[in-house]
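Chain residues, written in single-letter form:
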Amino acid sequence: MTGEVVPSRLAPLSALHAARSQGSTRDKELDDAQAALQLVPPVLLRGAREVLQRIGQNGHGTYGVTSTVRGEGRTSIATALAIAEWLDHERRVVLVDLDLEQPSLHERLGLREGPGIRDLVQGHNSVEDYVQRIVGDVWLLSAGRSRGDAPRGLNRLAESTILSQLSEWADVAVFDLPPLLESVTGAEAARLCATPILVVRAGVAPMPQVKEAVGRLAAPPPVILNGVRSAVPRWLRRSLGDTR
Amino acid sequence: MRFLETLFRHPLVAILPVLVCLLVAGGYQASQPKSYTSTGSLYIDATVPGNSPTNTANQYVDPSTLQQSAIEELLTTRSFAIAVGAKGPLAAYLASHPRAESTGLAAVPLLSNLFSSSKGSVDDQIANNLPNMVTVVTGGPQVVNITVTAPSPSVAAGTAQAVIDEYASQTTAALTSTDQVAVRYYDQQLGQAEATLQQAQQQLSTYLAAHPTVPATGVGNASATELAQAVTLDTTSYQSVLSQYQSAELSLANVASQTGFQVLDAPSASATPVSSSKKLLETGLAGLVVGLLVSVLLITALTAADRTSRRAEDIRRTLGLEVAATIGRFPPSAAGTLRGNEL
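Just so you know, the protein sequences line up as chains A and B, in that order. Just add 171 to wherever you are in the first sequence, counting from 1, and you've got the numbering used here. Residue 224 in the numbering used here sits at position 232 of the second sequence, with consecutive numbering throughout.
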């Protein structure tokens, strides 16, 4: 495996540079990095890096990605954040599906539905036994198989040692949170993470609803505006002074 | 910028109203009957007192402008319009073509029934339509052109001639009335002057008969001189009134030649219909303007109805939050195992 196939626009990847510098001894890492890049499109990865820089986390912590309604890109962005953390900083990242009502992360990543959080909260098992490897040092803790009472499951999670186990086991935990207005557990799940990030998809949720969603969070969250594309031709935008 | 975003996101909303309005305008124009014009030119005689402005405020108004205003005013009156219709072929034409008066929106097939309910008698139709059929313009300081647009060449020429004739008739009637009053007045004055003169002559004759030594000229006799001077004065007065009376009578006799205008070019029937390209262009432009207006209103309404965020500025303005990152759209094919974020 060589580095030629890696897209040049994603050049500053420490894992790839390391692999190149150390020759074939790190072929496995190179393969993993390329597999990670297959998972997330460049534009998404750029956005994830941008938001990580803005948030300014220094290697340890929990991010939660939430939104106002479903379909705003929470899962994709959570995945991109996890991949970016591993690719750029070689951190161990665990991606946690906290959308207990409608979990989808495992499907998107082509992994098993469980066992996951719902199974974990039932007993006294170790987190390490329930995580599934996505790529490299990026891991998934799925929502689990059973479809019980989501608020109850979340309460048990809050009361358990699972979150502290995750903090110890991984450098970074990225939570795929349920939407704030379309899920009964949205706001409660957001409280479980240190930094909830709000994804707003252009043209989806009306601003009054977004405002209501922000109001349900303990503090104003960092916002990612997703799916932005101006329909106005570039030449017209430029002539009107819009240089973006 | 949001307006432009909406415009480019919904191009059909912008284009369709314009297309529909253009089609309606084209259909309307196509449904219009052919029209013919006929023009008659009048030469306005500036030496006629009636053609010179008496008001000093209007002293620079051309004689042709005065006549133009007079004709246009008359066209708005029902009696003049009906008289024109009766004099020319218009009344007969409208009586034989009940739908020929369809103009404006009434010409649109779907709306014709709506408008047909407002149809009245032929006189009403003439009174309503004649002002729109006739155009009066000045061709210079002393020339007035009267153009009539009608559905047939003969109706156009006949109606144009009828307008000129009726205008001449109205002018003549007004002048006749004035001259008749003048003749009556001077006739009365003449009678009085004649009686006064006869009385003065009688007094002089009586005095001379009573005083045979006094010469007929009254020279040397104060009373006779006074009576002779009275006769001379009354004679002068009588002749003056007689002159004015004769002038008024002459004016009455020649009233037809004192209308202040003469027909320079008599209206003639043209076999070529009015070119539809100009009308089509005008109607098309009107359709375009209306269509654009509708488009702008629709796009404005859509912009106002869109309460979602489209740009980082929207988030900043509404929520007071800074956007940490903006992610552009990407198709599902670029998303690996993840879904694309295109709507």
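Hints were generated in silico from the structure; no laboratory data involved. Where hints are given, some of them may not hold.
As the list claims (entries may be wrong) - Simulated restraints, written as ranges between beta carbons of each label pair:
1) B:Thr300 <-> A:Asp413: 34 to 44 Å
2) B:Ala297 <-> A:Gln209: 18 to 28 Å
3) A:Leu407 <-> B:Asp116: 33 to 43 Å
4) B:Gly312 <-> A:Ser331: 33 to 43 Å
5) B:Ala297 <-> A:Thr332: 31 to 41 Å
6) B:Leu280 <-> A:Val355: 27 to 37 Å
What the hints assert, rightly or not - Listed next, the stretches of chain A that the computed footprint assigns to chain B, with coverage defined by at least 3 CB atoms under 8 Å from CB atoms of chain B:
7) 207 to 217
8) 304 to 313
9) 319 to 326
10) 349 to 359
Since we're looking at a predicted model, the values are computed, not measured. C-beta: ideal position from N, C-alpha, C; glycine also.
Hints, verified against the model:
| no. | hint | verdict |
| --- | --- | --- |
| 1 | B:Thr300 <-> A:Asp413: 34 to 44 Å | violated, 19 Å |
| 2 | B:Ala297 <-> A:Gln209: 18 to 28 Å | violated, 40 Å |
| 3 | A:Leu407 <-> B:Asp116: 33 to 43 Å | violated, 55 Å |
| 4 | B:Gly312 <-> A:Ser331: 33 to 43 Å | holds, 36 Å |
| 5 | B:Ala297 <-> A:Thr332: 31 to 41 Å | violated, 50 Å |
| 6 | B:Leu280 <-> A:Val355: 27 to 37 Å | violated, 54 Å |
| 7 | 207 to 217 | holds (count 8) |
| 8 | 304 to 313 | violated (count 0) |
| 9 | 319 to 326 | violated (count 0) |
| 10 | 349 to 359 | violated (count 0) |
Violated hints, listed in ascending order, are 1, 2, 3, 5, 6, 8, 9 and 10; each of the other numbered hints is respected by the structure.
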